[in-house]
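Chemist: Now for the letters of each chain:
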Amino acid sequence: MSGITAVYVVFAIVIASIFGYVFLLSRRQREVELELDDLQARLAEKGKGR
Amino acid sequence: MQAGMQKKTACGLTATDVLGAAAFVLLGVSVYMALLYAPTELIQGEPQRIFYMHLPMILAAYLGFLIVFVCGVMYLWKRTMGYDIAARSAAELGVFFTTLVIISGGLWGQAVWGTFWQWEPRLTFTFILWLIFVAYLMLRSAAQDKERVARYAAVLGIIGFLDIPLVFASVYLWRGIHPEPAGMPRAIAMTLFVSMAAFLALFAYLYVLRVRWDRAKDRIEEMYAELEEEHQA
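Chain order of the listed sequences is A and B. Per numbering that gives the first Met the number 0, the first sequence starts with residue 0, numbered consecutively. Per numbering that gives the first Met the number 0, the second sequence starts with residue 0, numbered consecutively.
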């Protein structure tokens, strides 16, 4: 691998990994927020039922 | 308040959004400076530009492991789960950045020294550091008893952090292929400074996202426990 190719490959890997990690964290956050909303609704429902 | 909710600024963005935007703008500026502004180094040539990503990333990783260390000590002292959440989020970021450092360093080494890997002191100690914190993350995901895991993880995190002084000192204590730090021209120092600011902001942004997710996950576990209790009553 020539010098400048190595530079581009490293920069591409680093930037893609950072975007990938941010995407993964955002998706995980969305999933837990949906689950939290659902649980809150279920708890509220149970509270009303008593 | 729900784990995901945050106060918004006047233009409808949260403080985390602003931090994320600042981090990505700084990252863009640092990439521009690394590729186009910084001069080509005389000895290594073009591959030396990898340095502008490599060094800030290892510093971000060390920051993560420092948080693990401090929070580990605080957890063992106070037994507050908040310190445990702060530590496990930082450990994941530390492993993420160390992995990128090992890959970028290997490609840099391939271009300059003609080898991706050598068992020389700094590389070996960095690899050990990575292994310890991968084990830390595996320990966290494998065990069930939360308090016991937090205690073992705190001890492992403290031991793992003690490898960092060895990584630092290894270029002075043993002969290897890693060079000793030297002075640098102004344009190179400026580019490095911007890159370090970019990776610091990025670390802060990723850390906020990661801690928020961990807190939400813990809240979900608590709510399931509440539901279970109500079901039994």
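These aren't lab readings, by the way, just hints derived from the structure by calculation. Be a bit skeptical, because a hint or two may be false.
Cβ pair distances, simulated, as ranges [as the list claims (entries may be wrong)]:
(1) B:W76 / A:T4: 43 to 53 Å
(2) B:P184 / A:I12: 21 to 31 Å
(3) B:L138 / A:L33: 27 to 37 Å
(4) B:Y31 / A:A40: 42 to 52 Å
(5) A:A40 / B:L161: 44 to 54 Å
Backbone N, C-alpha and C fix where the C-beta goes; we use that ideal spot for every residue, glycine too.
Chemist: Hints first: check each against the structure and report whether it holds.
Modeler: Hints and how they fare:
1. B:W76 / A:T4: 43 to 53 Å: Given range 43 to 53 Å: holds, Cβ gap about 50 Å.
2. B:P184 / A:I12: 21 to 31 Å: With Cβ atoms ~27 Å apart, the hint holds.
3. B:L138 / A:L33: 27 to 37 Å: Once the Cβ atoms are compared, 29 Å apart, the range 27 to 37 Å for A:L33 and B:L138 holds.
4. B:Y31 / A:A40: 42 to 52 Å: holds (48 Å)
5. A:A40 / B:L161: 44 to 54 Å: holds (47 Å)
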